[in-house]
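**Student:** The chain contents come next:
Protein chains: 2
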Amino acid sequence: MGVEERRQQLIGVALDLFSRRSPDEVSIDEIATAAGISRPLVYHYFPGKLSLYEAALKRASEDLAGRFAEPHDGPLGVRLLRVMRRYFDFVDDHGPGFSALMRGGPAVGSSATNALIDSVRQAAYEQILSHLGVTDAPPRLELVVRSWISLAESTALIWLDGRRIPRAELEVQLVHDFAALAAVSAAHDEDMATLLKKMVEDEPADGPFAELVGRLIALGV
Amino acid sequence: MGVEERRQQLIGVALDLFSRRSPDEVSIDEIATAAGISRPLVYHYFPGKLSLYEAALKRASEDLAGRFAEPHDGPLGVRLLRVMRRYFDFVDDHGPGFSALMRGGPAVGSSATNALIDSVRQAAYEQILSHLGVTDAPPRLELVVRSWISLAESTALIWLDGRRIPRAELEVQLVHDFAALAAVSAAHDEDMATLLKKMVEDEPADGPFAELVGRLIALGV
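Chains A and B are the protein sequences, given in the same order. The opening position of the first sequence corresponds to residue 26 in the working numbering, with each subsequent residue numbered one higher. The opening position of the second sequence corresponds to residue 26 in the working numbering, with each subsequent residue numbered one higher.
No lab work stands behind these hints: they were computed from the structure. Certain hints may be false.
Same chains, same label: a pair holds when it works inside one copy or across any pair of copies.
Taking lysine to any residue and the SDA-like style, the derived pairs with C-alpha atoms no more than 25 Å apart in a straight line are [as the list claims (entries may be wrong)]:
| no. | residue 1 | residue 2 |
| --- | --- | --- |
| 1 | Lys74 | Ala60 |
| 2 | Lys222 | Pro191 |
| 3 | Lys222 | Arg189 |
| 4 | Lys222 | Ile242 |
Start from the sequences and build out the full structure, keeping to the hints where you can.
**Tutor:** Below, the structure written as structure tokens:
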């Protein structure tokens with residue numbers, strides 16, 4: 026194998042191990058064994074576990090950021106639901122590593138890992154704005170989108186802790202949460218109200234946004 | 026000064042400095058100068074900056090956890106609004122330190138600091154459950170409360186980044202967000218619907234929950 030090929034293989038092996046267990050618990054010896062090479066050879070390609078962890082996290086971050094990319098076709102609610110499915114696929118595949126990373130801790134809190142987390146959040150933020158047809162978000166829209174992204178993270182983390190709610194329910198719920206947070210903001214601000222009206226006017230009667238309204242009316246609170 | 030008195034004084038001085046600037050930027054020399062003692066004397070009481078930081082964070086955590094304590098009197102929405110005001114008072118007073126801590130980073134991501142953050146979240150969680158009259162929360166209620174707590178954190182962090190929205194607006198908005206997230210969950214689950222009905226039935230016509238409904242109806246989306 027060439028140098029770059031070997032590096033990529035090691036990153037893949039490490040990412041797989043870091044995804045299945047907390048990165049703190051994964052040793053270089055284990056990575057070497059899984060890759061079928063010696064421990065010194067691992068160090069030949071990566072100076073230490075942190076640099077291998079950061080390379081694996083970089084690959085995972087690019088993967089996750091890519092999952093937010095969604096064609097600009099069809100109702101907004103349906104697009105967001107497709108993104109949520111891909112997001113939970115990722116969380117499902119990388120559970121323990123995702124939890125350890127997002128909960129912070131000594132091994133994972135380097136400035137490089139924080140920058141990677143921020144890059145994924147930024148990619149998600151920019152994707153959502155592009156679907157809303159907004160280039161320069163006013164502060165209240167920025168707040169709704171960024172705080173909803175953090176809500177999606179915490180929802181995923183809570184789900185991973187025991188998986189006591191079916192993930193399909195949470196995927197729909199997060200789409201509904203987005204509409205609900207936007208509606209609360211619209212209740213406080215005229216520009217957000219205009220945006221919300223534009224957001225829902227093209228939504229079909231059987232789409233996720235209309236479904237929420239129907240469910241709330243049926244609830245009769 | 027006695028040993029314990031001196032320690033408490035140093036913690037107070039350090040907390041003040043760690044609150045005003047990112048803890049990374051605060052030196053032991055500065056803390057010594059602010060306390061009016063020599064650098065070696067600081068080390069006599071605390072082995073290093075991390076232990077002093079952790080002691081200051083412990084005091085701040087206890088302060089913040091205490092702000093969630095609210096008498097069980099009057100409408101739920103009004104109680105939560107009072108808590109949100111005290112929460113933003115805290116965030117306002119400790120802005121740079123709060124941001125640095127919650128955004129993670131090499132100096133602040135120790136397991137002791139993470140445990141302190143979790144203890145505050147747990148105190149907030151238990152307070153909210155007690156106001157809802159629930160001792161053993163089912164998974165969906167736990168999700169709503171815990172994810173709303175993380176929403177309050179991210180809202181405060183986004184607010185600190187430029188303070189472009191009046192904090193009084195965000196305090197009310199977070200109360201409304203709680204009702205909105207509970208309503209979305211109620212739209213998906215019968216037990217949550219029962220809880221939501223109980224939650225709003227005693228709310229007065231001029232309380233925050235009714236205000237949200239009124240605003241949304243006026244919006245006519």
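**Student:** Hints first: check each against the structure and report whether it holds.
**Tutor:** A quick look at each hint next to the structure:
1. Lys74 with Ala60: within (14 Å within a copy, 41 Å between copies)
2. Lys222 with Pro191: between (31 Å within a copy, 24 Å between copies)
3. Lys222 with Arg189: between (35 Å within a copy, 24 Å between copies)
4. Lys222 with Ile242: both (18 Å within a copy, 13 Å between copies)
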